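J.: If you use our numbering, the sequence shown corresponds to residues 93 to 315, in order.
Be aware that one or more of the hints could be misleading.
Said to hold, decoys possible - Dumping the calculated DSSO-like pairs for lysine-lysine here, alpha-carbon to alpha-carbon at most 27 Å:
no. : residue 1 : residue 2
1   : K249      : K163
2   : K244      : K163
3   : K136      : K163
4   : K271      : K136
To be verified - Ranges of calculated distance between the beta carbons of each label pair, as one might list FRET restraints:
no. : residue 1 : residue 2 : range
5   : E135      : T276      : 35 to 43 Å
6   : E135      : S164      : 21 to 29 Å
7   : A263      : P211      : 34 to 42 Å
8   : G162      : S133      : 32 to 40 Å
9   : P211      : T304      : 18 to 26 Å
10  : Q161      : Q240      : 20 to 28 Å
11  : T183      : D254      : 43 to 51 Å
It should be emphasised that the hints constitute simulated quantities derived from the structure, not laboratory data. Given the structure is predicted, the values throughout are model-derived calculations rather than measurements. Glycine residues also receive a C-beta, built at the ideal position from the N, C-alpha and C atoms.
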Amino acid sequence: MKHSNHAERGNVLFILLIAVVLIAGLTYAITSSNRGGENLSAEKTLIAADAMSSFGVDIKRGIEMLTRQGKSESTISFASPSLSNYGTADTTPDAEVFNIRGGGVAFVDVPSGINDGSPWEFYGFTRAPGVGDDTQADLMLVLPNVNQNFCKAYNRKAGYADNAAIPTDSAACLHDTSKRFSGTFADTGTANTMDTGTFRTPAGFACVACGTSYHAYYVIIDR
Numbered sequence: 093m094k095h096s097n098h099a100e101r102g103n104v105l106f107i108l109l110i111a112v113v114l115i116a117g118l119t120y121a122i123t124s125s126n127r128g129g130e131n132l133s134a135e136k137t138l139i140a141a142d143a144m145s146s147f148g149v150d151i152k153r154g155i156e157m158l159t160r161q162g163k164s165e166s167t168i169s170f171a172s173p174s175l176s177n178y179g180t181a182d183t184t185p186d187a188e189v190f191n192i193r194g195g196g197v198a199f200v201d202v203p204s205g206i207n208d209g210s211p212w213e214f215y216g217f218t219r220a221p222g223v224g225d226d227t228q229a230d231l232m233l234v235l236p237n238v239n240q241n242f243c244k245a246y247n248r249k250a251g252y253a254d255n256a257a258i259p260t261d262s263a264a265c266l267h268d269t270s271k272r273f274s275g276t277f278a279d280t281g282t283a284n285t286m287d288t289g290t291f292r293t294p295a296g297f298a299c300v301a302c303g304t305s306y307h308a309y310y311v312i313i314d315r
């Protein structure tokens, strides 16, 4: 009987040991999976930040092509089948940034999961700190209402440290759908001025805070 009791206790301890090992393994697997998801999410955010800056570069080059062909800033059009607020595509094809007969820029959809679903916007009423002569409004590609993770990732591309404060625009705010670009710029002296002291300059691109909202921009015409 004593031998049997010892054997039973040994079996119980062995089973408990196996259970502890299995639980530890399961916990490690779950933790690793969560970390992998976080890393993947961070990687996707960085890819999205790259996509926006690359899109900005492409648009800037497309506009330069149009101006070399004799088009003025006031005639540039962002009409596209993918944008509903900038006119009808093919109306003035040789002046359209996203037309093969114009700027030849391939339209890029907003990467998923980085904002509230707002589309790309184009504005000409804000001047970027340290860009151009710093008195006139620049033409900007703007992605409104991005999340904070994207905002910080985009700013890292602009040279901001991970723990740096997000630049601010406490004046009119560079995002205002009533001021979509249609060929005119804000006059000198009336352009929206962002909080220069919060930026790394020249600030050709950055993500800024307007109150509790974050908006990313890329200057596509510096004036």
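J.: It remains to establish, for every hint, whether it holds in the given structure.
T.: Consistency of the hints with the structure:
1. K249 to K163: violated (31 Å)
2. K244 to K163: This hinted pair is violated, its Cα atoms lying about 36 Å apart.
3. K136 to K163: violated (37 Å)
4. K271 to K136: Outside the cut-off at roughly 31 Å; violated.
5. E135 to T276: 35 to 43 Å: 40 Å Cβ-Cβ, so the 35 to 43 Å window holds.
6. E135 to S164: 21 to 29 Å: At roughly 42 Å between Cβ atoms, S164 and E135 fall outside 21 to 29 Å, so the hint is violated.
7. A263 to P211: 34 to 42 Å: violated (24 Å)
8. G162 to S133: 32 to 40 Å: Violated, since G162 and S133 (Cβ atoms, about 46 Å apart) do not stay within the stated range.
9. P211 to T304: 18 to 26 Å: Roughly 21 Å apart at Cβ, these two residues keep to the hinted range, so it holds.
10. Q161 to Q240: 20 to 28 Å: violated (41 Å)
11. T183 to D254: 43 to 51 Å: holds (45 Å)
Checked against the numbered hints above, the structure violates hints 1, 2, 3, 4, 6, 7, 8 and 10; every other hint is satisfied.
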